[in-house]
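Participant: One-letter residues, chain by chain:
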Amino acid sequence: MKFRGLIFANLFRKKLRLILTIGSFAVALFLFAFLAVVKGAFGRGADIAGADRLVIINRISIIQPLPLSYRDKILRIPGVKAITHNNWFGGVYQDERNFFPQFAIDVESQRQVLPELVVPGDQWQNFVKDRQGAIAGAKTAKRFGWKIGDRIPIKTTLYGSGSSWEFILDGIYHSERAGGDESQFWFQWDYLEEKMPQSFKGNVGWYVLKLDSPDDAVRVAKAIDDMFANSSFETKTETESAFAASWVKQFGNIEFLILTIGTVVFFTLLLVTGNTMAISVRERIGELAVLKAIGFKDRSILFFVLAESLTIALFGGLLGLGLAALAIPVLGAALNGLLPTLILSPAILSLGLATALLVGIVSGLLPGIGAMRMRVVNALRRV
Amino acid sequence: MIRVDGTGKTNSLIQVRGLDKTYRRGGEEIQVLQRLNLDVDKGDFVAFMGPSGSGKTTLLNLLGGLDVPTHGSITVAGDEITHMSGSKLTDWRARHVGFIFQMYNLIPVLTAFQNVELPLLLTKLSKSDRRKHVETALGVVGLAERMNHYPRQLSGGQEQRVAIARAIVADPTFLLCDEPTGDLDRKSADEIMDLIHRLVKEFGKTVLMVTHDPVVARRADLTLHLEKGLLVESGEPQGVAAGGAA
Numbered sequence: 170m171k172f173r174g175l176i177f178a179n180l181f182r183k184k185l186r187l188i189l190t191i192g193s194f195a196v197a198l199f200l201f202a203f204l205a206v207v208k209g210a211f212g213r214g215a216d217i218a219g220a221d222r223l224v225i226i227n228r229i230s231i232i233q234p235l236p237l238s239y240r241d242k243i244l245r246i247p248g249v250k251a252i253t254h255n256n257w258f259g260g261v262y263q264d265e266r267n268f269f270p271q272f273a274i275d276v277e278s279q280r281q282v283l284p285e286l287v288v289p290g291d292q293w294q295n296f297v298k299d300r301q302g303a304i305a306g307a308k309t310a311k312r313f314g315w316k317i318g319d320r321i322p323i324k325t326t327l328y329g330s331g332s333s334w335e336f337i338l339d340g341i342y343h344s345e346r347a348g349g350d351e352s353q354f355w356f357q358w359d360y361l362e363e364k365m366p367q368s369f370k371g372n373v374g375w376y377v378l379k380l381d382s383p384d385d386a387v388r389v390a391k392a393i394d395d396m397f398a399n400s401s402f403e404t405k406t407e408t409e410s411a412f413a414a415s416w417v418k419q420f421g422n423i424e425f426l427i428l429t430i431g432t433v434v435f436f437t438l439l440l441v442t443g444n445t446m447a448i449s450v451r452e453r454i455g456e457l458a459v460l461k462a463i464g465f466k467d468r469s470i471l472f473f474v475l476a477e478s479l480t481i482a483l484f485g486g487l488l489g490l491g492l493a494a495l496a497i498p499v500l501g502a503a504l505n506g507l508l509p510t511l512i513l514s515p516a517i518l519s520l521g522l523a524t525a526l527l528v529g530i531v532s533g534l535l536p537g538i539g540a541m542r543m544r545v546v547n548a549l550r551r552v
Numbered sequence: 105m106i107r108v109d110g111t112g113k114t115n116s117l118i119q120v121r122g123l124d125k126t127y128r129r130g131g132e133e134i135q136v137l138q139r140l141n142l143d144v145d146k147g148d149f150v151a152f153m154g155p156s157g158s159g160k161t162t163l164l165n166l167l168g169g170l171d172v173p174t175h176g177s178i179t180v181a182g183d184e185i186t187h188m189s190g191s192k193l194t195d196w197r198a199r200h201v202g203f204i205f206q207m208y209n210l211i212p213v214l215t216a217f218q219n220v221e222l223p224l225l226l227t228k229l230s231k232s233d234r235r236k237h238v239e240t241a242l243g244v245v246g247l248a249e250r251m252n253h254y255p256r257q258l259s260g261g262q263e264q265r266v267a268i269a270r271a272i273v274a275d276p277t278f279l280l281c282d283e284p285t286g287d288l289d290r291k292s293a294d295e296i297m298d299l300i301h302r303l304v305k306e307f308g309k310t311v312l313m314v315t316h317d318p319v320v321a322r323r324a325d326l327t328l329h330l331e332k333g334l335l336v337e338s339g340e341p342q343g344v345a346a347g348g349a350a
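If you're matching them up, the sequences are chains A and B in order. The first sequence: position 340 = 509 (the working numbering), numbered continuously. The second sequence: position 168 = 272 (the working numbering), numbered continuously.
Hints were generated in silico from the structure; no laboratory data involved. Glycine included, every Cβ here is placed at the ideal spot set by N, Cα and C. Some clues are possibly wrong.
Where chain B lies over chain A, by a calculated footprint (3+ residues, C-beta under 8 Å) [as the list claims (entries may be wrong)]:
id	segment
1	175-186
2	455-461
3	464-472
With the rest of the complex left out, here is chain A (with noise of 0.2 Å):
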């Protein structure tokens, strides 16, 4: 392209400002890619949901229990294929900030319901035979450096007042849906009951179904809460996905706190870089206007300045994902589990990349019209 070392020749006739500008660039992408990033892991629970499961809770807050004997009763339900229940276990490993979340599982239906939890058939089999047996997330695993055979003292906050209950680590769980939660620790429910308070036992944290088709979940879902209305323990049951997103809503409205941040960022740079590009355009009105005087087309100085602010674009966005990708991982191992898996996907890399050049074009252009249009005799006359 015989015209690049005009247009690399302009833009680093200001280095600084080039440096400056290309800087702002590389800050909103970076911010861009963490929010993002953050935002896709608010929202995955509820996008790898499966379609054909419903989580049943007490209606009055998730932390109410749930009767075990309703287990059965919804099982007779025509459309319900299997039914699984979980009990939160709210545990410390060794300091509170090792968080991580622990559940106690039903071992006979457990991967009946989330099969794509996936355990080695060897281990499960441990596991089921071992009552102080545990299972724990790859992800968890790796973090503590867990290997099976260890003994894992978990110290309870809701069960007992501060006692340690050990585990011994017989398998660990990969997800075989990308991004799925690989952060969990299992643990069989009998084994939570035996050890529980007379006045607990009996209960359950809440229960998984899953249907045979995903048409059924409105009709199974009603005749559920229907079944349960006006007893001591009334249900809310909702399709995984609405469970997992009412659950993100706890925090707030991440979604919209994101994107309300998001738009700011990017207006303000559009407005940085769009008056960046104008004074650049306005110091040199004089030059491009000798560059239409000796036969460069009004066509050719737009290309220019597109051109310039593409490039400043380009660089900037590439600079500020490259640094997203470095620090990204870093910062999910130092939030230690407090966020779900924070993933740099090629389709944030892509969106990112686009709007900054997006930003580039719109940047560049007002100028650039400008410059095409300027009548070379008033140009010439200001020089």
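Given chain A, work out where chain B should sit, using these hints.
Facilitator: Chain B alone, transformed into the frame defined by chain A:
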């Protein structure tokens, strides 16, 4: 042969007929040029003089296709440029006109070589051919050794020589010089005028030049004065008699 009475031969290189240029400023019409005629042949060197605001630069802009007249016609090498569209006029300028400005108007971030190469970027010449042309042009102006210098590393006279190289590199039909020595000291001005004179005499270039400096104007074949929007022959023509043969 240079004529201003509108009786030049039909195959003059530049033929201007009944040229009017009126500006509107704050509701008031200012007539800068009125019914101006001019004939310039290939190889002629004409200087335009006149007081500030007399329309010298306006005339040069019209001849270079940078501005459009209110009335009248300009024909260059058979092309009537007054009715050309903006895009066509731009193409025409690239082929036919070499501009030399008072302030040189070089691109400061490009080397002398790159500045001179600019008009050639609009042609289909290969990179090596462009290089040959640029080296030749810089050789003509005596700056072959300084082709990699930036304008800030050159003196005013040298910058103007680079600008002249840029003006001639694409071998245009004629050169338009707007106060080419206006920003130079006498010595540098003489060198630039020697160079322009050489372009006319050795290379057969046609040059139309605006100047305030009578010493510079005397280097032209003929000096024309612009007074009240009209061109008037005056002074002692050198080399070419007004309306006569060289």
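Participant: Checking against the hints above, which ones are violated?
Facilitator: none
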